[in-house]
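Asker: The residues making up each chain are set out below.
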Amino acid sequence: MIRIAFKILLHDTAKYLALVMGIAFATLLISQQSAIFHSVMESSTRDIIEANEADIWVMKPSVETVDQPDQMSELTVNRVRSSPGVEWAVPYYQAVAQLRTSTGRNKSVTLIGVDDSSLVAAPHTILIGSLDDLRRPDAVIIDAAGFATIFPELPLRTGDVVEIGQRRAEIVAISHTGPSWTGLPRIHTRRSLAVEYARETLNPVTYVLARAVPGRSPDEVAREIAGATGLLAHSRAGFKARSQEWVLNYSGVAENFGITILMGVVIGVAIVGQTFYMFSVENLRQFAALKAIGVSNSRILGMISTQALFVSCVGYCLGIGAASLFFALFSPQLTGGLRGMFMDPAIFIGTGVFIVLVTLLSCVVSVRRVLTVDPAVVFRS
Amino acid sequence: MQGVVCEQVAIEFPTAAGPLRVLKGVDFLAPAGQLTMLVGPSGCGKTTLISIIAGLLRGATGSVSVFGKQVTSLSGAELVPFRLANIGFIFQQYNLLAGLSAAENAAVPLVASGTPWPAALQKSRALLERIGLGDHLGKLPRQLSGGQQQRVAIARALVHEPRLLLCDEPTAALDGKSGQAVMGLLRDLAVHPERAAIVVTHDPRVYAYADRVAYMEDGLLQKVEEGKAATLANAH
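Just so you know, the protein sequences line up as chains A and B, in that order. First residue of the first sequence: 1, per our numbering; consecutive thereafter. First residue of the second sequence: 1, per our numbering; consecutive thereafter.
Be aware that one or more of the hints could be misleading.
Over the 10 Å line for every Cβ pair with chain A, so calculated as not near, a few chain B residues [unchecked claim]:
{"id": "1", "residue": "Pro41"}
{"id": "2", "residue": "Thr61"}
{"id": "3", "residue": "Lys69"}
{"id": "4", "residue": "Ser73"}
{"id": "5", "residue": "Ala77"}
{"id": "6", "residue": "Asn95"}
{"id": "7", "residue": "Val111"}
{"id": "8", "residue": "Arg130"}
{"id": "9", "residue": "Ile131"}
{"id": "10", "residue": "Lys139"}
{"id": "11", "residue": "Glu161"}
{"id": "12", "residue": "Gln222"}
Partner residues are not named here, just some residues of chain A that face chain B (Cβ under 8 Å, in silico) [stated by the list, open to error]:
{"id": "13", "residue": "His11"}
{"id": "14", "residue": "Gly178"}
{"id": "15", "residue": "Thr182"}
{"id": "16", "residue": "Val281"}
{"id": "17", "residue": "Arg285"}
{"id": "18", "residue": "Ala289"}
{"id": "19", "residue": "Leu318"}
It is worth saying that the hints were derived from the structure and are not from the lab. This structure is a prediction, so every number in the text was calculated from the model and none was measured. Just so you know, even glycine gets a beta-carbon here, dropped at the ideal spot from N, CA and C.
Starting from the given sequences, assemble the full structure and let the hints guide the process.
Answerer: In structure tokens, the structure reads:
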């Protein structure tokens, strides 16, 4: 009977394609918007993601999100280093500064000062130049998208000299990083230089990055650091969650994307449900004939479920394929707002589960009509 | 052998104007080995009676026995396999599955009974070839004429060799020539010593193919004429 179910489904090509395309569109809408939302949330914690050598972040208790740091004294670093369970700890500095080009163009930039000796939290992907060049005098590394924003007329290159905080800075390397929440160019330099660019000498540390000794949980060590220092300490994952929670609560991004995703869900349910329901209802007489002949309700249920699962799988594959193609095209770009956007495996799985559930739900609704149809209807002309 | 025996079968349906008694105590017999026609004007209860005999319509009073099995006492779950094993249906509108070829349509009762596809198709092809549709085995219903579709429906009704054949106005959607051809075929294939065939019709041109004609009117069986098909035809 499964073969018969497929033949009924595939016979009317126009209706079959309408079903598949409806599901594909719903899949595309839901998965793409969810992935963009997820990527935007990831961008709000770009610094935490990229400084992946550290598994603990220590900060002032007033800090709510990574992009709004509060300055601390340099002594804080030693207090963290002396805390139990800490393998190493380094200072980290982050601020917004003003960059000025030789042609007089001004730009706000995110300035990231990494540990002078270890270069922990320096960018991992260098497109042009070398990370070692960061040790040179006045050396800064700028991300490719930021370079394109500041020098739209120039190709990516090193050697340009700019002013940051009225001090000389030479671009010695071009890095590739994902988009940041603020959208500002990201400039990495040594922390000692960064505090000069930002003219911040009293409290030249915004975070202390630390690593737990092997075998100790970062969450546990973070709690011990907090207890020993009176500072706020989070594991990397914990700080990421705290920062994202702040973004969700105060930025409105959740509402905006939530509405879009909800629309995707509603449109998806409407398209999938309505199309499949109509398909089943239009085949009602055929199912009634099968019932009259002696095909049981459970076998008809199996036939309709098979049809639903098949169209949802085909539609899902097309939709998720289109969404993947979208990200495959835009994600590797060095510039542009969609660079670095990606689709998390959880979105693949979640969208698939959702689409199958919606199709099965609409199948249940249409099955009710089919199962309750009076088989004697076949005797009526 | 008595194929179908109905005794005092009655049923009523609720309407806005109160209960409507469609059957008012029908006594009806369709012996095995004969083709029985159930005739009468529209609305007299013919289709309702065969729906009750088939177990498609429940809630009737009285007794309906199909080859000794009391249909009225079977549960809904018991009726489904009973119909599949024992009854073949031919409908006025054919009700072939649009996405299936002629051979596949004719094979549906076998497939539903659990016969593997190849064996079911082999049997349905053989039957279709026997009824002159050997050149149309792979065609979809929309590629067949009305008469050809009804012949496929006949094959579907008989492919699993049911003991009871129920036909509802099998010639109503066909022109006179096709109707005669379909009835001739139906008579040739359906009449079997161990099978009862009931044909609901109000087309007097096909009475010639009946062994018995039962006349219904206003929810009651008025009279039954028995005899050779040709005699009955001449009488009308």
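Asker: Against this structure, judge whether each hint is valid.
Answerer: Hints and how they fare:
| no. | hint | verdict |
| --- | --- | --- |
| 1 | Pro41 | 15 Å, holds |
| 2 | Thr61 | 18 Å, holds |
| 3 | Lys69 | 14 Å, holds |
| 4 | Ser73 | 18 Å, holds |
| 5 | Ala77 | 8 Å, violated |
| 6 | Asn95 | 4 Å, violated |
| 7 | Val111 | 6 Å, violated |
| 8 | Arg130 | 21 Å, holds |
| 9 | Ile131 | 19 Å, holds |
| 10 | Lys139 | 13 Å, holds |
| 11 | Glu161 | 14 Å, holds |
| 12 | Gln222 | 22 Å, holds |
| 13 | His11 | 3 Å, holds |
| 14 | Gly178 | 50 Å, violated |
| 15 | Thr182 | 57 Å, violated |
| 16 | Val281 | 15 Å, violated |
| 17 | Arg285 | 7 Å, holds |
| 18 | Ala289 | 4 Å, holds |
| 19 | Leu318 | 22 Å, violated |
In this structure, the earlier hints numbered 5, 6, 7, 14, 15, 16 and 19 are contradicted, and the remaining ones agree with it.
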